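Those sequence lines, one after another, are chains A and B.
Numbering (the numbering used here) for the first sequence: 523 to 1120.
Numbering (the numbering used here) for the second sequence: 523 to 1120.
Worth double-checking, as some hints may not be accurate.
If several chains are the same, the list does not tell them apart, and a pair holds so long as it fits within one copy or across any two.
Mimicking SDA-like on lysine to any residue, the simulated pairs with C-alpha atoms at most 20 angstroms apart in a straight line are [stated by the list, open to error]:
(1) K892 with G769
(2) K763 with M1022
(3) K588 with Y912
(4) K763 with L1020
(5) K763 with V1051
(6) K786 with L580
(7) K767 with D1063
(8) K1070 with E1102
(9) K911 with Q969
(10) K911 with A936
(11) K1071 with S829
(12) K767 with E1038
(13) K767 with R1046
(14) K1079 with G1104
(15) K705 with K1070
(16) K786 with R738
(17) K786 with A737
(18) K767 with A1042
(19) K1103 with Q887
(20) K1079 with R596
(21) K892 with F978
(22) K891 with W963
(23) K763 with R1046
(24) K705 with G960
Treat the hints as calculated values from the structure; they're not laboratory data.
Owing to the predicted nature of the structure, the values given are computational and were not obtained by experimental measurement.
Number of protein chains: 2
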Amino acid sequence: MKRYEDSYLYRLRHSAAHLLAQAVTELFPGAKLSIGPPVENGFYYDIDFPSPLKEEDLPRIEAKMKELAKLDQRILRQEVSLEEARKLILDETIPGMGEAVAEYKLQLLDAIPSGEAISFYDQQRTDREGTLHRFMDLCRGPHVDSTKEIKAFKLMHLAGAYWRGNVKNKQLTRIYGTAFETKEELEQYLVNLEEAKKRDHRILGKELGLFMFSARVGTGLPLWLPKGATLRHVMTDFLQKEQVKRGYEPVVTPLIGNTQLFIKSGHLANYREKMYPLMAVDDDEEYALKPMNCPFHIEIYASQMRSYRDLPVRLAEFGTVHRFEQRGEVAGILRARGFTQDDAHLFVRPDQLVSEFIAVVDLMQAVLKKLGLTNFRARVGTKDPESDKYVGHDDNWQAAQSAIESACQKLDLAYEVSPGDAAFYGPKLDLIIKDALGRDWQMGTVQVDYNLPERFELEYTGEDGKPHRPIMIHRAPFGSLERMIGLLTEQYAGAFPLWMAPVQVQILPIADRHNEAAEALRVRLMDEVYDSRPVRVSVDDRRETLGKKIREAQLQKVPFMLIMGDNDIENGTVGVRSREKGDLGAMTMEQFLAQLVG
Amino acid sequence: MKRYEDSYLYRLRHSAAHLLAQAVTELFPGAKLSIGPPVENGFYYDIDFPSPLKEEDLPRIEAKMKELAKLDQRILRQEVSLEEARKLILDETIPGMGEAVAEYKLQLLDAIPSGEAISFYDQQRTDREGTLHRFMDLCRGPHVDSTKEIKAFKLMHLAGAYWRGNVKNKQLTRIYGTAFETKEELEQYLVNLEEAKKRDHRILGKELGLFMFSARVGTGLPLWLPKGATLRHVMTDFLQKEQVKRGYEPVVTPLIGNTQLFIKSGHLANYREKMYPLMAVDDDEEYALKPMNCPFHIEIYASQMRSYRDLPVRLAEFGTVHRFEQRGEVAGILRARGFTQDDAHLFVRPDQLVSEFIAVVDLMQAVLKKLGLTNFRARVGTKDPESDKYVGHDDNWQAAQSAIESACQKLDLAYEVSPGDAAFYGPKLDLIIKDALGRDWQMGTVQVDYNLPERFELEYTGEDGKPHRPIMIHRAPFGSLERMIGLLTEQYAGAFPLWMAPVQVQILPIADRHNEAAEALRVRLMDEVYDSRPVRVSVDDRRETLGKKIREAQLQKVPFMLIMGDNDIENGTVGVRSREKGDLGAMTMEQFLAQLVG
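Let the sequences and hints guide you as you build the complete structure.
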């Protein structure tokens, strides 16, 4: 698969950014342009306006862009020398150029390493009178061929952005926009965006009582409320069972470790900036919150002699790790400072690498399928052939890369190869999920590691009676539990599938006199098993009207409601309402249980 | 129930310590006595010997003690003035006294606060010739009446002990002994001690693959191996289900918190010495590993408006906490630095306190019963009537104490009241379990708390529409998961009951050609449910003889073995062996499943 950076869409959005700059130049004389790249869902341009811009100005700019786009300006690349470039940037006769607005472009020009090509993109058209109109911008490109191709775009919103991302510099105005190849795609994107707002996991997380944050507890540290904690439990329980079936062994390791461990693993040397401050007890005793589980699993592997027959050893843990993300990078449960990885480390012989890799990816596919995430692809990070920063023998790397690719092929998994995206210690595979709204989420990951077994001098005794070094595979199908729950909340807009729902059945006694029977039913239902787990059931015994209870259960997206009144208690039935199908009428418990399972 | 300190046994052991001192004085002239108290399972005496004592000397001392005991020496209390005491201690004519051996006794005398009674215990007898023999020791007492009562005792072992526990002081020789009222009790104790060695959870924990420690990971930080991790999971899963049935709601809260939280809760002021060093990010952002879960649960309670109808709110968490125990106090998984509490906090109205307390103790009893721990009693810690350190109104305390006592009575739970054992914030109940070897283990606890709701200004809206303050109940039926697993390992000598066993069924294929069928059976069995959880099953597919596989499964104390050979595969049967009953013959899977459940 093609990378976004190499796609037509990427070029189109880049050209849309230039079109935006051209429109601004026409509408706001004196506006100084800086940079305008394509980004994940569109593009932006950072501009120093002579007077503050308002959101209300965007439609006017957009209209001007439309007008300019239709003019079918050719977009031409022009390579020049440093000398010529400086002259062009200061040329008052070319729109976008001239000394008055050149401040940032000159700095950009100075930052281009000598020897590198300097290029401008020139939007040209000749009008009916034969006059040449142009707009030029210093830019590496590439771009589309004509502004006519920019048909489906929209300016989204404004933001502030410091020049070169440095708070000491001036704050510029960033105009965000998006562009697509067709109007239909743009429409869909805008509709999805509206829908995404409604599905925002931060809003739903609060409404559904999944998690909360507290300033007193600290930044990036979610507190999981009863329903969220239950959801976590359901998900870990499911994955645990799936893993045990596939020969994984669960372990539980400490949340902190002596710094000796992280010196040995290299984390203290290479990962220190993401670690919380160390806890020094005295000169020779110091602890750190673990940022990763690997060194602990290695200690378990190394705690006993291993023979070639014992391998693969697959140690799995729902391991809570802490990473000190910058305050600005923390984002709800999608990027928390304390989070739980569905981690495992496989210690394998070289001859097991391919089959174990395939088995890992197969597990990940099975997991995603069960979660209802069926639209995903893989990105295979391989060596940058130019670089020599990698550890491990070339033939090992070759074996690992072909193991990864053959796993994808064998499992019919779409993948793109991304050279240079490997870790320094081995190649990897990332899973990218497309959600119900067409957004990409980078989730689970598998990495092959030759480095840690070396650092910790891990061994197994081979069939030849001699010591050999195992290879490690790191993997996490969810990625993190927090992030996956964030994704699933948005994917399902909070209406989790039955097996996942924190409350599967809510019993609604009509009046206080039905509460006792409702409670008895709750306890009885808890002894039933659905999908290998006890049924999760609650009672709404508040003194509210039935109508209100139903509405609230509906808002809470509970899959089944059981209504209990006088008749029901007399007849031994319940009134069943399904989240999807509405009122299903009175049923006996046996009938309902059949409904639940079916 | 009587406290140990008030018992006859306690006095008897104290007198046995004096008897030991008398024997040493006779056998080792120049030996300087220091202190000799009764302790949990016996007594000791710390003595400064003129030349090193060896374990081989103990039988000789024990023989001398027996001889002296039989002499029926009366043990008399004698109260004296400071002046007289000094004179007595220096009196060369009395055995045990005299300047040459007075060093420690004089220091002990000086340490007695002025105004406090100074007493000696004098062991006297008059021989046939009418001569008075005596042995005196400075001692607060009390003692038994005659050395004749000390019939069943034994010297156990030697240890070093610094005078006054200070490493800067001289190291004395500590002689440990034990004593009982009857020879039978002593015999049973010694048998149990041998048995206890075999059951030592540290040894069994290693043999059964439950947990390990690593110097590189750090002191007091257990790593749970696959079987131990599974055992943890089974236990938490069981308790979670039991709790949800009883209206608890699970939560998951961070492992660390901003120090602001612990300042508010008072932990930083009152519990700092048990906390790991703080992690300061910058001047206004600092974190601490949580030593307790309470403040986090309070944040959840406080995150929304609560009405009197919402109470009680019962928040439960298997919360991992960290406490910096001194290195010498750390003891395997019984006292770790990182451990998991089966914690919950109940926020209740005053009128709910009694019923909620009863429900908590009922849950704890149900839990212990399920764990097979049926021999337990309660210790109720109440206010010290002399002290004014307690927070909260007297009538609240009265209500709480009578709630605790009436819970014990209603639930037919034996209890002793221990005045002065309450926390400063409320009375409490501790559960003390007697294990299979007759040893006491202090485990679960319930505490009533008026303090934290006050500090955090917790509220609920009463029926009167006005704000009221809830009461908190802290409780942990296991106490800690680690400690409970330690106890259970020793209780069952590793042969955990079926529902608890990490591996319930082990499949033993006879030869390699049976491995595939064994693996298929494993996966099939995992879809069966026993005690609301998937059956836990493993395959021993090593190339070992069946005999060896059976022996090892027996050592691993697996409840059921399923042997698979040619005939079995052909006939669709398995050869079943039970841990307790041995060979049960060939069965179909249906027959075996009936056996498993039955």
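Do the hints match the structure? See the list:
| no. | hint | verdict |
| --- | --- | --- |
| 1 | K892 with G769 | within (19 angstroms within a copy, 30 angstroms between copies) |
| 2 | K763 with M1022 | both (15 angstroms within a copy, 17 angstroms between copies) |
| 3 | K588 with Y912 | neither (49 angstroms within a copy, 76 angstroms between copies) |
| 4 | K763 with L1020 | both (18 angstroms within a copy, 19 angstroms between copies) |
| 5 | K763 with V1051 | both (15 angstroms within a copy, 12 angstroms between copies) |
| 6 | K786 with L580 | neither (55 angstroms within a copy, 48 angstroms between copies) |
| 7 | K767 with D1063 | between (40 angstroms within a copy, 15 angstroms between copies) |
| 8 | K1070 with E1102 | within (18 angstroms within a copy, 57 angstroms between copies) |
| 9 | K911 with Q969 | within (17 angstroms within a copy, 58 angstroms between copies) |
| 10 | K911 with A936 | neither (28 angstroms within a copy, 69 angstroms between copies) |
| 11 | K1071 with S829 | between (61 angstroms within a copy, 17 angstroms between copies) |
| 12 | K767 with E1038 | between (41 angstroms within a copy, 14 angstroms between copies) |
| 13 | K767 with R1046 | between (29 angstroms within a copy, 10 angstroms between copies) |
| 14 | K1079 with G1104 | within (12 angstroms within a copy, 52 angstroms between copies) |
| 15 | K705 with K1070 | neither (43 angstroms within a copy, 72 angstroms between copies) |
| 16 | K786 with R738 | between (35 angstroms within a copy, 9 angstroms between copies) |
| 17 | K786 with A737 | between (35 angstroms within a copy, 13 angstroms between copies) |
| 18 | K767 with A1042 | between (35 angstroms within a copy, 10 angstroms between copies) |
| 19 | K1103 with Q887 | neither (30 angstroms within a copy, 44 angstroms between copies) |
| 20 | K1079 with R596 | neither (53 angstroms within a copy, 81 angstroms between copies) |
| 21 | K892 with F978 | neither (36 angstroms within a copy, 43 angstroms between copies) |
| 22 | K891 with W963 | within (15 angstroms within a copy, 48 angstroms between copies) |
| 23 | K763 with R1046 | between (25 angstroms within a copy, 13 angstroms between copies) |
| 24 | K705 with G960 | within (16 angstroms within a copy, 81 angstroms between copies) |
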